[in-house]
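**Student:** Let chain S serve as the given structure and place chain C on it in line with the hints.
There are 2 protein chains.
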Amino acid sequence: MKTIATLAISLILSAVLYADHHKEKAAEAAPFRHVVMFKFKDDATKEQVTAIETAFSALPKKINTITDYEWGANVGKENKNQGFTHCFIVTFKDQAGLDVYIPHPAHKAFVKLLLPSLDKVLVFDFTAKKN
Amino acid sequence: MKTIATLAISLILSAVLYADHHKEKAAEAAPFRHVVMFKFKDDATKEQVTAIETAFSALPKKINTITDYEWGANVGKENKNQGFTHCFIVTFKDQAGLDVYIPHPAHKAFVKLLLPSLDKVLVFDFTAKKN
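Here the protein sequences come in this chain order: S and C.
Residue numbering for the first sequence follows the working numbering, beginning at 482 and increasing consecutively.
Residue numbering for the second sequence follows the working numbering, beginning at 482 and increasing consecutively.
These are calculated hints, taken from the structure and not from any lab test.
It is possible that part of the hints are untrue.
When chains are identical, the list treats them as one kind, so a pair holds in a single copy or across two.
[Stated by the list, open to error] Okay, derived cross-link-like pairs now, DSS-like style, lysine-lysine, Cα gap no bigger than 27 angstroms in a straight line:
1. Lys593 / Lys610
2. Lys522 / Lys611
3. Lys610 / Lys522
4. Lys589 / Lys543
5. Lys611 / Lys543
6. Lys527 / Lys561
7. Lys593 / Lys558
8. Lys543 / Lys593
9. Lys527 / Lys601
10. Lys593 / Lys611
11. Lys527 / Lys611
12. Lys561 / Lys542
13. Lys593 / Lys527
14. Lys558 / Lys542
15. Lys574 / Lys522
16. Lys522 / Lys561
17. Lys589 / Lys558
18. Lys522 / Lys558
Computed from a prediction, not measured in an experiment: that's the story for all the values here.
In isolation and in its complexed conformation, chain S is listed as follows (with noise of 0.2 angstroms):
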């Protein structure tokens, strides 16, 4: 009995950690990347820049659509960042998910947030290919 419990328990377990893989593979597949990079003016203060970065870092909790997002301070060496210091890449399942994304209230109220501090923006929006 105590063979056929384990049997069974290792089997569960390979099942949904196979499952849990496949989710991760499936949602990783074709993802729509929306890449928001920013240039901000020169008088902007170290703490408006900082409440940017929190703002925007509090989106996706508030839009569900998100499924991921991660970004950066520039730190290249090409000098070929053409004056953009942040970089956002916010990640949807699909188009759909970014034409929420825009007119939601709470992305709204983020861009009346940066638009006092904002000198030059950048958006480059793709579905991720591996090939």
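**Tutor:** Same frame as chain S, now just chain C:
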């Protein structure tokens, strides 16, 4: 004996899937992103652009510090793409991975193929954080 064999196989399968799952999670923790955007010259041909896309997509098999790679053409409706039509996100474990990539002969050969068709480039490197 059959039961023991099944149990053994099942346990090995669990262990392998669990390890693979955790490996992916670890690689995702704070990946180093090398974001590259291209605007091609007006006289670049479709064949030249396709050759560049194909050559870039071949790099992950040639340079082993690349841990992830994806790309896509801009489909943004906001017209804020600053003229860039192609975005590539090359991922490394860390800055050291990029430092192997840049001077690698395969990367140099790719740049040689790219330059005659290139109008404008953007490169943005960052360590991805979630908030």
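**Student:** Could you run down the list of hints and mark each one as holding or not?
**Tutor:** Evaluation of the provided hints:
1. Lys593 / Lys610: between (33 angstroms within a copy, 24 angstroms between copies)
2. Lys522 / Lys611: Result: close only across copies, 24 angstroms inter versus 36 angstroms intra.
3. Lys610 / Lys522: between (34 angstroms within a copy, 23 angstroms between copies)
4. Lys589 / Lys543: within (12 angstroms within a copy, 43 angstroms between copies)
5. Lys611 / Lys543: Classified as between: cross-chain Cα gap 15 angstroms, same-chain 30 angstroms, threshold 27 angstroms.
6. Lys527 / Lys561: both (23 angstroms within a copy, 25 angstroms between copies)
7. Lys593 / Lys558: between (32 angstroms within a copy, 20 angstroms between copies)
8. Lys543 / Lys593: Cα proximity of Lys543 and Lys593: one copy only (16 angstroms, versus 45 angstroms across).
9. Lys527 / Lys601: Only inside one copy: Lys527 and Lys601 sit 17 angstroms apart there, 30 angstroms across copies, limit 27 angstroms.
10. Lys593 / Lys611: between (35 angstroms within a copy, 22 angstroms between copies)
11. Lys527 / Lys611: The answer is between: 20 angstroms across copies meets 27 angstroms, while 37 angstroms in one copy does not.
12. Lys561 / Lys542: For Lys561 and Lys542, only the inter-copy Cα distance (25 angstroms) is at most 27 angstroms; the intra-copy one is 33 angstroms.
13. Lys593 / Lys527: within (18 angstroms within a copy, 40 angstroms between copies)
14. Lys558 / Lys542: Answer is between: at 25 angstroms across copies they meet the 27 angstroms cutoff, but 33 angstroms inside does not.
15. Lys574 / Lys522: neither (33 angstroms within a copy, 32 angstroms between copies)
16. Lys522 / Lys561: both (19 angstroms within a copy, 18 angstroms between copies)
17. Lys589 / Lys558: Between copies only: 17 angstroms across, 34 angstroms inside.
18. Lys522 / Lys558: For Lys522 and Lys558, the Cα distance is within 27 angstroms both inside one copy (22 angstroms) and across copies (25 angstroms).
Violated hints amount to a single one, hint 15; each of the other numbered hints is respected by the structure.
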